[in-house]
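Please arrange chain B on chain A, whose structure you already have, making use of the hints.
First to last, the sequence lines map onto chains A and B.
Mapping the first sequence onto my numbering, position 181 (from 1) lands on 181, and the numbers just tick up by one.
Mapping the second sequence onto my numbering, position 58 (from 1) lands on 354, and the numbers just tick up by one.
What the hints contain is simulated information worked out from the structure, not anything from laboratory work.
One or more of the hints may lead you astray.
To be verified - Subject to a maximum C-alpha distance of 20 Å in a straight line, what follows is the list of computed EDC-like cross-link-like pairs (lysine to aspartate or glutamate): (1) A:10 / B:379; (2) B:365 / A:81; (3) B:380 / B:432; (4) A:136 / A:57; (5) A:27 / A:13; (6) B:380 / A:51; (7) B:365 / B:429; (8) B:311 / A:5; (9) A:27 / B:328; (10) B:330 / A:246; (11) A:98 / B:429; (12) B:311 / A:45; (13) B:330 / A:25; (14) A:70 / A:150; (15) A:211 / A:157; (16) B:436 / A:191; (17) A:10 / A:45; (18) B:380 / A:59; (19) B:451 / B:432; (20) B:330 / A:191; (21) A:98 / B:433; (22) B:380 / A:57; (23) B:342 / B:328; (24) A:256 / A:246; (25) B:436 / A:81; (26) A:211 / A:191; (27) A:98 / B:426; (28) A:40 / B:328; (29) B:311 / A:51.
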Amino acid sequence: MRSFEYLTPKTVEEACSLLSQHQGEAKVIAGGQSLLILMKQRLIEPSYLIDLKHLVELDYLSFDEKSGLKIGAMVTHRSIETSPIIKKYYGVLSQLEKTLASVQIRNYGTVGGNICHGDPSSDLIPALIVLGAKLKLTGSKGNRSLLSGDFFSDYYETVLQQDEILTEIEVPIMPPNSIAVYEKFSVRRTDSPVVGACVMVTFELGKDVCKDVKIALSAVAPIPVRVKKAEDIMRGKKIEGKLIDEVGAIASETAKPIADIHFSEEYKCKMVKVLIERLFNGIISQGLRAIPHQKF
Amino acid sequence: LFEDYPLHLRESNMKRGLRLNINGDNFDLLIEPKSTLQEVLRNELKLTGTKRGCNSGSCGACTVLLDGKAVKSCLILAAQVEDKKITTIEGLGKGEFLDPIQEAFIQTGAIQCGFCTPGMILTLKALLNENPEPTEEQVKLAISGNLCRCTGYVKIIDAAIAASERLRE
Chain A
1 MRSFEYLTPK TVEEACSLLS QHQGEAKVIA GGQSLLILMK QRLIEPSYLI
51 DLKHLVELDY LSFDEKSGLK IGAMVTHRSI ETSPIIKKYY GVLSQLEKTL
101 ASVQIRNYGT VGGNICHGDP SSDLIPALIV LGAKLKLTGS KGNRSLLSGD
151 FFSDYYETVL QQDEILTEIE VPIMPPNSIA VYEKFSVRRT DSPVVGACVM
201 VTFELGKDVC KDVKIALSAV APIPVRVKKA EDIMRGKKIE GKLIDEVGAI
251 ASETAKPIAD IHFSEEYKCK MVKVLIERLF NGIISQGLRA IPHQKF
Chain B
297 LFEDYPLHLR ESNMKRGLRL NINGDNFDLL IEPKSTLQEV LRNELKLTGT
347 KRGCNSGSCG ACTVLLDGKA VKSCLILAAQ VEDKKITTIE GLGKGEFLDP
397 IQEAFIQTGA IQCGFCTPGM ILTLKALLNE NPEPTEEQVK LAISGNLCRC
447 TGYVKIIDAA IAASERLRE
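Only chain A is shown next, with the shape it has when bound in the complex (with noise of 0.2 Å):
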């Protein structure tokens, strides 16, 4: 690793002029689980190394049954595994990560890091999408506010403009009568996934036909994708099936992944398949039981 200069800035304002300041020249670490092995690698050698990890005024997590959850940028895969209250309303975030990267990770790993690393490999990401969370953005000329699916440009690439960095996640409510999971095809159980899938179905009140539908794809492409042409034919429709089938070939045709030393392009996209037959099978196999506060 190349050596650089460590900067410890108290507070946001101070790390974007940091960042102004050093502009092309600076690197913002948080949990740095990805960020540190890319400067082993020397793919990455930053003169200024700017530390949010101790930035206290973005590691908080707040809910309220309206405006929904706000993630502070800081806070640890780790506490949200552990959040009764993420548990209890978006059930999709603690399932997905307790097989996010192995637990030593997750203890220091950041939400707001994993996003920004731009892995089109993420477990969290499709989760996000489907879920409509916003990322807030500060910079030195001030907020904005983006979906996530807006945030990604190309592999490991971001939107994210130089002098800023990415301080919040907000996760509005789920709908009623909604359940989202994840499933992923990895080689160990936390490793991130060759292949994922993420799926969201809000169900008509009290019966099995689709009302909507969001699904997003993660390691198929330069970023986490949408499936939205299979979105549009289920809804409406009895999830059943010949339905599953088709929504399943869709998605795998979307995929357009690349081989690595493990899986195929034409394997890859086969499990594209796999794991969408398993997450709906599985939704309606529960049936509308599976869905948490149902109000029927």
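For chain B alone, kept in the frame of chain A given last:
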């Protein structure tokens, strides 16, 4: 290669003062900001119980406890953990008395070459502190970030269950 690199940083020996609390003792050190906690533990403090395996967060051999939570010391800069309580394998047990998890490893025969053992034991220490009665499945998930290349997982899991039973007595 170093043309666009600030002059004052071209020297690799730019060091900073740092106080670390390890196994209850404070250590004042002069280290480079790029030193990982794992490097400081082994190279500066000669606490060689913490192993350097993959050096990229995959193998778990460098696991230590940070305020009681298991972390991988190769993926944390020493500069980031000032004011935190660090526990290494040397800090477990007291004098001649081993920690019940260490004893369970010995009695179960959960060691072959021993390289993964400190990381395994500290990961399980954190698990049992949080969850005194883990199922076999929970133990497996907890150690999924720790590799054992002697394929000794079965006995390690047995040791974890035995230790949890002893700790509950």
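Checked hints:
1. A:10 / B:379: holds (15 Å)
2. B:365 / A:81: This hinted pair holds, its Cα atoms lying about 14 Å apart.
3. B:380 / B:432: Distance of about 31 Å is beyond 20 Å: violated.
4. A:136 / A:57: The given pair, whose Cα atoms are some 14 Å apart, holds under the 20 Å limit.
5. A:27 / A:13: holds (16 Å)
6. B:380 / A:51: holds (16 Å)
7. B:365 / B:429: holds (17 Å)
8. B:311 / A:5: holds (10 Å)
9. A:27 / B:328: holds (17 Å)
10. B:330 / A:246: Between residue 330 of chain B and residue 246 of chain A the Cα gap is close to 52 Å, so the pair fails against 20 Å, i.e. violated.
11. A:98 / B:429: holds (18 Å)
12. B:311 / A:45: holds (18 Å)
13. B:330 / A:25: holds (16 Å)
14. A:70 / A:150: Cα-Cα ~19 Å, so holds.
15. A:211 / A:157: violated (34 Å)
16. B:436 / A:191: Judged against 20 Å, a Cα distance of about 14 Å means the pair holds.
17. A:10 / A:45: violated (24 Å)
18. B:380 / A:59: Holds, at roughly 17 Å.
19. B:451 / B:432: Holds. Residue 451 of chain B to residue 432 of chain B sits at ~12 Å (cutoff 20 Å).
20. B:330 / A:191: It is violated: about 26 Å lies between the C-alpha atoms, which goes past 20 Å.
21. A:98 / B:433: Holds - the C-alpha atoms of residue 433 of chain B and residue 98 of chain A are around 12 Å apart, at most 20 Å.
22. B:380 / A:57: holds (19 Å)
23. B:342 / B:328: holds (17 Å)
24. A:256 / A:246: Holds, at about 18 Å.
25. B:436 / A:81: holds (17 Å)
26. A:211 / A:191: With Cα atoms ~34 Å apart, residue 211 of chain A and residue 191 of chain A exceed 20 Å; violated.
27. A:98 / B:426: With Cα atoms ~15 Å apart, residue 98 of chain A and residue 426 of chain B stay inside 20 Å; holds.
28. A:40 / B:328: Holds, at about 14 Å.
29. B:311 / A:51: holds (17 Å)
Hints 3, 10, 15, 17, 20 and 26 from the list above are not met by this structure, while the remaining hints are.
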